[in-house]
Amino acid sequence: MAKAFKTSIVSANDLFVGDVVYMNSGGGWTRKLAEAAIAHTPDEGETLMGRAAPQQAKVVGPYLAEVALDDDGRPFPTHFREKFRTRGPSTRTDLGKQAINPERREPLAASGGI
Amino acid sequence: MYRYDEFDHDYVRARVAEFRDQTQRRMDGALTEDEYKPLRLQNGLYLQLHAYMLRVAVPYGTLSSRQMRTLAMIAERWDEGYGHFTTRQNIQYNWTKLTDVGDILDALADVEMHAIQTSGNCIRNVTADHFAGAAADEIEDPRPTAELIRQWSTAHPEFAFLPRKFKVAVTGSPNDRAVTKAHDIGLRMLRDADGNPGYEVIVGGGLGRTPMIGKVIRDFLPKADLLPYLEAILRVYNLHGRRDNKYKARIKILVHETGIEDMRASVEAEFERQMREEGGPVVLADPKQVERIEAYFAPPAFADLPAKSDALDAAMASDPALAAWVATNTSEHRANGYSIVTVAIKGTGEAPGDATTAQMRALADLGERYSHDELRISHEQNVILPHVKRDDLPAVYAALQKAELASANAGLITDIIACPGLDYCALATARSIPVAQDLSERFAEPARAKAIGNFTIKISGCINACGHHHVGHVGILGLEKSGIENYQITLGGDHTETMAVGERAGPGMSAAEVGPAIERLVDAYLERRSNDDERFIDTYRRLGAEPFKDALYAA
Amino acid sequence: MPIVTDTGFVPDDSPALVALEDIAVGGEGIALDMPLDADPEVVAPHFNRIGLIVIPFPSFADGRGFSLAQRLRALGYRGTLRANGHVITDQYPFARFCGFDEVQIDDALATRQPEDLWLAAKDRPVPPFLKRKAQAWVA
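Chains as they are written, first to last, in the numbering used here: chain S, 1 to 114; chain R, 1001 to 1555; chain G, 2001 to 2139.
Isolated chain S, as found in the complex (with noise of 0.2 Å):
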């Protein structure tokens, strides 16, 4: 039996800085999860996944990660490694995500990304 299809996003990382983004509702890529188009049917996630494929030249190895969405219908990472992914290393909260480090984040825009 397939797997049922739990609410999801599309994540990748980006090619040229490599940290993680995730896919918008424009087809785009954002690297707030807040911002990550939510599907919430199999074929909402083909759709996005469809819409990845093409982006070669921007992302690497973009998929579908399953989140659950909090009272206000924002999304959340449900799995462990997705929770690290959203944040940077669990042993160097001043790096990663978590941190607020706003130069390192340039080049997906700079190369028409977003």
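If you're looking for bench data, these hints aren't it; they were derived computationally from the structure. For each residue, glycine too, the CB sits at the ideal point set by N, CA and C. Any given hint could be a false lead.
Heads up, simulated BS3-like pairs for lysine-lysine below, C-alpha to C-alpha not over 30 Å straight-line [unchecked claim]:
1. R:K1248 / R:K1450
2. R:K1481 / S:K97
3. R:K1037 / G:K2131
4. R:K1215 / R:K1165
5. R:K1037 / S:K83
6. R:K1549 / G:K2131
7. S:K83 / R:K1481
8. G:K2131 / R:K1223
9. G:K2133 / R:K1165
10. G:K2131 / R:K1288
11. S:K3 / R:K1481
12. R:K1549 / G:K2133
13. S:K97 / R:K1037
14. S:K32 / R:K1481
15. S:K3 / R:K1248
16. S:K3 / R:K1215
17. R:K1167 / G:K2133
18. G:K2122 / R:K1165
19. R:K1549 / S:K83
20. R:K1223 / G:K2133
21. R:K1450 / R:K1549
22. S:K3 / S:K83
23. R:K1167 / G:K2131
24. S:K6 / R:K1481
25. R:K1037 / G:K2122
26. R:K1223 / S:K32
If you want the ones that stay clear, here's a sample from chain S, every Cβ over 10 Å from chain R, calculated [claimed, not checked]:
27. K3
28. A4
29. K6
30. N13
31. T30
32. I38
33. T41
34. M49
35. A68
36. D72
37. T91
Fit chains R and G to the known structure of chain S by using the hints.
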């Protein structure tokens, strides 16, 4: 130390240019990600959870102070101010950008370094005994052999797309510090009955999903025959290794499924075929080049010193911390009046193997001033100062204290090996570093750690076993179970010449349960050991696993 | 399905391939379809009747063809040796070092990696070991 010749210089520079071109073609779409990935991996570049990770080769773990300073500069300029020393004697940068990698590789080339073949399904960076050229128990320095293999294997046109990665380690000492039996090929240097130099060739060792202890395929291989013999093993493997399942693609599975006798027959036949070739095997090393390599590894000019250092003895008498550090972190040197210093990159609560820019620079200074400009990286994720006068040990210790690198725990329970785990690694199934940090804090009290004695804990965050968990006295393997991190404990592993694969103790446990369980295990060992000198592994072998399993699961 | 040579793309005008089991039939100058798991020693007695041996590359990551080519050359095969399938430009020098004369790729790959990239690939870095050997042979 080896110095590049014109061919090395030209090649390393050309590879940087080639990498830039490959990256450009990836961006242009001429190369798909699937095609680009093995090319970037063969240049040491991974895409991990949060960023690109660049693994820089430290061939056979040897580097100069100038090279160490460049590693520090790279960490400062292009990364986040630190690097991670690995179990294959390399260094990894966790936060590189694709667009910077060409510049980083150029900076490495400036000091005769590179990241070539630190990943990918090719012959990886060759490792060797980190005490090479310094150890009192050495028959022969393994590094000229390792360098020859580096030259032969670099961009070998036939073996760049093997079924799976291929790791070679060399030891020149009967006391195996290079984990040769857990490598695809392990070479042990020895002498035949007439005193001729050669190798015992071990094949098919490896950790990972199916741990295997390597088997001897040739008892004695004359030194001059090394490359044709390696070529024969690689050719048999490239043609017959499994490509249908990535988890069964290592040579250990081919050796296991074929049987060592049939494997030996195939390899010997291929070797003989080459030896019969007109004009001899194409791959035979040029004796002049071998001589040139060996000359670079001639021992430095050691001073003629008495074995005993009065200055050190006096300093140790007045400084017990120094005495404790000398007892654990120095090893016997081949020259009188010298010691090998192990700088433990294992501070309490720190990530094993992580060194800051400032620490790397401090180490470079020490290497230059006190160790004939030489440093080593060990597979235990420590840094070695191979040639230090015993008279200088107090000054070295003082400098290490300043750099927060003076942990007196080499070989002790807090000298933990840990892979990066799920804090960084895209392949990981669970975290490793927090477990190591927790254990290092639990056993931080120096007197307690000393009382426990030699005790190896090795932690991997997935089945691939970069943290060598199978061969730790205690191995910890992080897995995922029902959506949470879960840790399996193995007992009785051994990474030395008496290699053993640890036995799984029982069901996995949560991260929070690991620390208390290991404390109970250690208490059980201390109660049961026959005397203070009986190591945990010896007590374990004498009594068997039961009392220790009981202790682990007593809660 | 262009064929890549040192001088660029050329059209495929080779004769129909003969399967290994039919190697004994047929005359001179046959073109052999060489399976990756075939033993080169079985082919060796027929070398003087073979004008072309084609070795498949099901994926660029499958490097068996490199060893097979090397074995055929070591056994004395002097006819044309062709790699056929998924070979990328970066592998072209490796293929040449291992004894291949040419590479046959499909049209889609030829579009993505056009002729100029293959011509540039010829100049990719030479493995230093081979360069040292070359110098030793001259000296």
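Holds or violated: R:K1549 with G:K2133, Cα cutoff 30 Å? 57 Å, violated
Is the straight-line distance between the alpha-carbon of S:K32 and that of R:K1481 30 Å or less? Holds: S:K32 and R:K1481 sit about 28 Å apart, inside 30 Å.
Is R:K1215 close enough to R:K1165, meaning Cα to Cα at most 30 Å? With Cα atoms ~18 Å apart, R:K1215 and R:K1165 stay inside 30 Å; holds.
Would the hint linking R:K1549 and G:K2131 be met if the CA-CA limit is 30 Å? 57 Å, violated
Non-interface claim for S:A68: all C-beta distances to chain R beyond 10 Å? 12 Å, holds
Do the alpha carbons of S:K3 and R:K1248 lie within 30 Å of each other, as the hint requires? 27 Å, holds
Can the restraint linking R:K1223 and G:K2133 be considered satisfied, given a maximum Cα separation of 30 Å? 19 Å, holds
For a C-alpha distance cap of 30 Å, please report whether R:K1481 and S:K97 respect it. Distance ~26 Å between R:K1481 and S:K97 Cα, so the pair holds.
Given the hint that S:K3 pairs with R:K1481, does the C-alpha gap stay at or below 30 Å? 18 Å, holds
Holds or violated: R:K1248 and R:K1450, Cα atoms, limit 30 Å. 41 Å, violated
Pairwise hint evaluation, R:K1165 against G:K2133, where the allowed Cα distance is 30 Å at most: 26 Å, holds
Was S:T41 rightly flagged as not at the interface, with every chain R Cβ beyond 10 Å? 23 Å, holds
When each numbered hint is compared with the structure, violations occur for hints 1, 6, 12, 16, 19, 26, 30 and 37.
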